[in-house]
Every structure is written in structure tokens, then in C-alpha cells.
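> Spelled out from the first residue to the last, the chains are:
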Amino acid sequence: MASIEIEVNGTRRRAEVEGRVLLVHFLRDVLGLTGTHVGCDTSSCGACTVLLDGKSVKSCTMFAVQADGRKVTTIEGLGTDAALHPMQEAFWAEHGLQCGYCTTGMIVSAVDLLQRNPNPSDEEIRAGLEGNLCRCTGYQNIVAAVRAAAAAQAANDPRKSVADMLVVGNN
Amino acid sequence: MAFNTLVGSRIRRREDPRLITGRATYVDDVKVVGMLYAAFVRSPYGHAKVLRVTLDDAKNLPGVVAAYSGADAIAHGWAPSLPVAHKIADLKTPPHVPLASAEVRFVGEVVAVVVAVDPYVARDAADLVEVEYDELPVVVDVEKAMAPGAPLVHSELGTNVAFTMPFTAGDPDAAFAAAEVVVKERIVNQRLAPVPMEPRGMVAQWDPGAGQLTLHSSTQIPHLLRTQLSVMLGLPETKLRVIAPEVGGGFGAKLNVYAEEAIVSWVSMQLGRPVKYVETRSECFQAMTHGRDQVDYLELAATRDGTITGMRLRILGNLGAYHQLLTPVVPVLTLLMATGCYRIPNVQAEVVGVFTNTMSTDAYRGAGRPEATFFVERMLDLLAAELKLDPAEVRRRNFIAPESFPATTAMGLTYDSGDYAATMDKALELAGYADWRARQAELRKAGRYLGIGLSTYVEVCGMGPSAAMPAAGWDSATIRVEPTGSVTVLTGVSPHGQGEETTFAQLVGDELGVPIDQVNVVHGDTDRVQYGVGTFGSRGTAVGGAALKLAIETIQAKAIQIAAHQWEANPADVEYKQGKITVKGDPGKTMTTAEAGWLAFTGDKLPPGFEPGLDATRRFEPPNFVFPFGTHVCVVEVEAATGRVEVLKYVAVDDCGRILNPMIVEGQIHGGIAQGLAQVLYEEVVYDDDGQLLTGTLMDYAIPHADQVPHYELAGTVTPTNVNPLGVKGVGEAGTIGSTPAVANAVLDALAPFGVKHLDMPLKPEKLWRAMRAARNGAGR
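Top to bottom, those sequences are chains X and D.
Here the working numbering is used: the first residue of the first sequence is 1, the next is one more, and so on.
Here the working numbering is used: the first residue of the second sequence is 1001, the next is one more, and so on.
Think of the hints as simulated: they come from the structure by calculation, not from any bench.
Among the hints, a few may not be true.
As the list claims (entries may be wrong) - Per the computed footprint, the stretches of chain D lying under chain X, defined by three or more beta-carbons under 8 Å from a beta-carbon of chain X, are: (1) 1006-1016; (2) 1019-1028; (3) 1063-1071; (4) 1105-1112; (5) 1236-1248; (6) 1653-1667; (7) 1670-1682.
Keep in mind the model is a prediction, meaning the values are calculated, not measured.
Glycine is no exception: its CB is placed at the ideal position from the N, C-alpha and C atoms.
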């Protein structure tokens, strides 16, 4: 067992973990942050994507002990009901999700993509998300969502709440 | 109608807030006090005798609570067979026990289960189980399995053929004898893996005090699963609750009753403790049902002007080692749609279902219809090439005419409504078909190879009339107007991404005049929702939505009675108008559904004999299937030097009848196209001759990434149906059914200058490059 301390979504979390425990299992099973999903066992699908010190990583591909002393942001840390992250809002508004299973990892990857390239072309969005698989959407509305989030960020649009977004006619 | 602002509008999905914030509850997110974790030991062989299973080392590992082999289950008196639903005469149904004890017949078949306090320990323990096998001969290919002397998957049957179904309509022999032209082809529809992003998962929780089992399962069919498991576990259905929580995609592969669901339930009952199992993606590739895998032999008879006069076909369906729930039904569905959207009066056919040492095939997005559409659309192109006619023109000459609907086909189906030429004209226009043909001719001179592919499809869905289904085809809905006026909808369908929490709320919101945020659509829990059949076969709205429409009508009729009584009016003079109850000719007098609901609750001002409460449960039995249709056009360029395919344009014009939410319909079509296109260009489940699965991970099985699919341009026509009271057809599978032939026809059209007539999917660069190189060498170029 190893003693680790990770800052997760702004809160310091200390735990004793087995050396072999994957970061994704630590987040899900120890901290109860189940928004990060597991979709494969070969680092192919990206459903488990989180930000490590601000950069996207597949949390199934590193051990929890490797995150010791570092900062992790999961989907739960991106936005709140009162103030959705622009990427969350855009995925909703553009119907960039269906079953939702890949969505949390996809959103986190897309956030990282816009950090690196705030105004990507459609081709750059598609290439930038090639580490994340979606089986439902055919990707078209995901690309539209990332484009919309980029525009919202460029315009410095205020964050919207879930309640605002639910009002019919605010589409 | 200006009032109908919800139905037909792009209303944002009500299910999305929990999904985009990571707070949805999928099966793997379910945690129960005292929960144990299961891990399975699976056969590494395609076919073998199981000689001995030794569990001692596994059981001795600290943290392990129990372990069972197939022999242990038998010793406990538990060896039920997994169900198959069908109406096929003389179908051979060999036993399919959840835990194999004597013989394993595919890689991934379960031979033992271990249960531990931690999932890592459970996996360690599974690796400590020793199984001695004696390998047996293997057969994985459907035609090899039919050959004399082939290894037998189930030796007691004496054959690998599970069923043979002959079919004749009209006079095919005369049609072929009189044919001016005959085209023939052998067309392989390769095996696919459905790959929902959420693998299968389940949590079984036996409550010894209540004598009740609760099973959370990632399923499309909670009620059917409950019925089947109650038989397998010997529990009254009333003591079994199945919950499908958030389900991360299904595509037909979660329309089943799996060995793992039965075993985890049984183990929980043995131990009196909750047991969770979530499969790895590698296990998913081995043991979640596969799709397609047919070899189809086709012949078309035609006149020189391109009129098709007859069809002969032989459908060889690779069933896998055992029947799963709908395994044998899938190739039969292919037969039903073999003639597509064309008048083909004379048909001779045979369907053969064959066992092999592979995972079972079963429903996968389209389930039998993509195979039919693929071969008939390929054959139309081969006929066009033979006659040197434009593929669009050959289609036009054979379409079932719009005035002939309802149209009964040679296969015995009655297509409800359609206008096939209308979608084709629109698609050709949007795609700029004539311009692409001109450009193709020009570029060919420059040694560049454009291909233009068409697919004019019709499919059968809205499954379906009970008489034509393996089991019940109806579905159900309950509406409860609660005392304070919010409305609970309990739907018998079990959406897992299709958005019915939104579309059903749109429908109720409009028709009962309730704000959409006051409508709560509940699904996927057999203890909360009345019996329903589930979500598959593009039936959610066409059947479940139709049941909801009936329930709305009953609520309206009751509310009218309540209002009429208050107003001392004749109920015949009271009506629903723009979501409100009103007296005909007196628009000033109105009552809301909520007000009627309050009166129904308080109970003291109701008409004599009126039962208190404002609720209704209705079931819709479809009188027929529905038949969406459309035209997809795909333009590709194949790079001569490498065989690489680039999709330059993709246009889809689909007609799924009336549309409740265009945003959701478009999303279904996008995803459908991607899966159909992926079959042409990327995906293939491969077993080697020893029965080893060579495509067992997402590293080897190529579902498309964002940069491997094109932008889709969508349009539509609207031809309503009178099969259901909503006028809707299904749209879940249409994109997949329509896209595969369009993409394949485009790639093969690009290769026409090389004399290539047909190649089997997937059309990967190497295959195309070899075909082009062989043509060059053969022609001495």
C-alpha cells in the first residue's frame, strides 16, 4: 500500500492505495466520482479521460500512485448546475450525445483541445478527438459542439445554468 | 397548428443534464453495501471437452468468497438453458447452459465464476482456476460447416444445420427461363461486433428477507429479461425486479438474456449477498453477441430494358455456437426484405442457419435488413453495369410505384406507404449527381478514380404485430396526472440514448397542455413500470409512442367527463382544444388537465360512478410493421497508388414518417450512417481456423474515430403511415441500413475501370490496391 495525496477538483484527497490500482478506479471506487467511465482495456476509447495538471490523460492508463502530488480535474469538476462549462452546454445544445457513456471523457478531451487550439477547424477538431470513441453520434454533432464551445469561449459568453438551458425557446 | 410548439421542434433533451455533468447512474456506478465482485473463467479454445476444473487455489486466495464450476452448478441442481424466441418450424435447439460443464464450443464460453470482495482480487482468483481441456476439431466458416464431414459443433445433432427454410413466390423458373439477362453474385456480409461504448454490466442483489432478487442490468429489455430469468432461476416473476438504469448504448446486443446475467443472479441467491460483474472490453468482444455474418448467393433475371423479373437467393446464416434470444430470426428477416423497394414478383429462396464454433450472432442495428438491402442494392448495380445503364435509372424502372401502397410484396409483407422516386430525385439533386458523373469521366482520363454510389432502401421496423413476432410485439404506456398537476409517464419501452424522455414529454405536453418540465418519463424498472417489451427494432416511438398516444386519448376522455360534469354540459359538447378542455362554441369556458386532475383526486365533485383518479394504462398492438425508406448517395475517391478511400460527399434523404423532434431524428441518422459506413471501410470480426478471435480488443477491431467519417448532409421527405395513431415510422436503424450499400457501391464504382465487379467488405486499402494491381497486371498495363 502506498500513501498518496491528490488534488481532485480543487479538494486535497489523501488515501492509502495498492500500487496496482488504476487512477480511474481510484477516482470511481475510492472517491465515488463515477462520471469518469471505463469503456475498454487497451487505452483506445477515451471514456476515462481526465485532466492531470490541466492536460488530458486516459485515467485507465496510469496508476493512482503516479498522480501523487498532482492535480486532477474530472467531469464533475468542470462545471456546476448553476454554471455549466461552455463545453458541457455546447454538447447539450448541439445534441452531441445520445447514450452519454463516452460523453464525459469526450467533453474533457475537447476542453483540452481548445486549450491547445482555441479556434480549430473541423478537421482539427476531428483529429484532436481521435483518442475518444463514440458509437452513437457519428461524431457530426460532437464536432458542431466543439465549434460552438470555441465560439462561446472566444466571445467570453457567460456560463449558463441547467435551469436556463431547460427553458423551451432558449434553444 | 401554431399551438403545437413542442412536437416537431428541436427541443433540447431532458436526459442530458445528468449525462453532461457525470451524474448519470450506469450499472458500474451502482454500489451496494456488502457487494461482492464476480470474475469469469472463459474457454480459450474454440471447441474442447472440459476434463477437469480445479478451483482450490482460487478459493484459497484471501478475499475470495466462493467459486463455482459448471459441475458445481449441476450439483446444486442448476443447469437451465438460455432462451431462444422464434417461430421457425423444426429449429434445432441444443441446450445452452450458462456454465459449461462438459464441452465448450466458442472462445469466451464461461466455464467457472469466482466471487471476491474486490474486483482486482476476483480477477487474480480467476487466473488461479485450472481447467484441463481436450481440444476438439473446430469450424468457424458457415460454408465449411455445411460441408460433408465438417466438425460438428453439437455432435448429438449429427449436423451443423439448425434449420432450412425454403420459400417460393410466383414462378421463378419461368422468369429465369424467359430472362434476357441474368446477373449472379456471391455476396458476403462479414461478421461485426456491436461495440456499445458501455460494455455489459450487472448487479444482482438477493434479499433473503423478502425473497426477492433485484438485478440491475445494462439491458434493452428489462421486462423480457425478468420473464426469462424467472424461469431460469425458478423464481416467481413477482419476486424478481429488473432495473435498466442508464444504459450506454445497445445496438441490439443488449436485447438478450446472457449467461452472465443468469450466473450472477444465481450466485447472489446462493450467497445471500449482492454480486457485481462488469465485463472488460476484451470479454465483450468474445461474449457479447455479434452481428451479420452471412454468405448470400444471388441471381437476378431481367429484361434488356432493366426490368427485374425474378430473383433467386440462398441465405447462409452463421449462427455461432448456440442460439441467443433472436439468433435464428435474423437471417429470416433478411429473407423478408430481400426484394427491397422493387417489384420482383417471382422469387425462389432458401435460408439456412448453421452452427459454428463462434460467439452467437444476433440482432445488431438493422438485424437482417442491412444484409438484404446490401445484396439487393449491389445486385441492382451489377445489373446496371451489365446493361450499361445508369444505376439510378435501373432503380427507377423497378420501384414499387407510389400509387400502389399499401403494397404487398412477393415476400408476403405489406409495405404501408412510400414514394421511393421522390427521395431518390431529391438525393440526386442535393448530391449534384449529374455533375459528379461528368467529373468522374474527366478524372478517369487523368488516372484518378471517383466512385458514386447509390442506395435506395426500404426497411421493416416498428417491431411489430405480435402474430409476426417471436413473442409479444405490443407495448404499453401509463399516464398519471398527479394531484398537483404534474404528469408521470411510465413507458414500457426502455430507451438508452434514443431520447424518449424528451419526445414523449413533448407529446404529452402538447396534447394535455402540460408544461414540458412538469412531465416525467419513467422507464427501465419492472417494479415501477407496467410490463413493456423494450427498445429495439426501431419500435420505441412507433409502438411505445403509439401506446402513449392511446393513453393520452383515454386521459382526455376522462378529463372531458369531469369538466362536463362541473359545467353541467353534455360530454359530447366538450372537447380538448390546444391542450385545454373547453365547451364547443364557448371558448371562454376552459379547464386545464391539471384542474381536472385535482378534481379527480379530491373526489367529491366527480360524475356519478366516476372512479377517482386521473390515470390510464394503454397498450398498442401494431396492426402492421412500418416501412421507412430513403436514398443515400456517397461519392468517394480511391487513391490508385495506395487503395485509400476518401469520402468526398455523403447525402442522405430519409423518410421516417412524421417527426416528433428533428434534432433527435438527425442524430439517429448520423450515428446509423457511421455504423453502416464502418462496415464497408473498417470493421470485421475475424476468427482464425482454430476458432481464435483475432479481433478481440479495440486495438484490433476498428470502430471509426472522428477523423474517419465524413460530414453527412441530411434531408428528408415526410410520408406518414396509418399503421399507428402518431403517423410515425422508426428511425433507429434506417441510417445503417441505407448507408452500407451506398458506400460499397461508391467504392466499387470507382474500381469499375479496372474491371472489378464485386469485392467483399471490408473494403480496406490493401484489398483495393491488390484488386487494382491484379487488373493492371492481368491487362498488361
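> Next, verify each hint and record whether it holds.
Consistency of the hints with the structure:
1. 1006-1016: holds (count 9)
2. 1019-1028: With 9 residues in contact (Cβ-Cβ under 8 Å with chain X), the coverage given for the segment 1019-1028 of chain D holds.
3. 1063-1071: Check failed, 0 qualifying residues.
4. 1105-1112: violated (count 0)
5. 1236-1248: Coverage by chain X holds here, the residue count being 3 at a Cβ distance below 8 Å.
6. 1653-1667: holds (count 4)
7. 1670-1682: holds (count 6)
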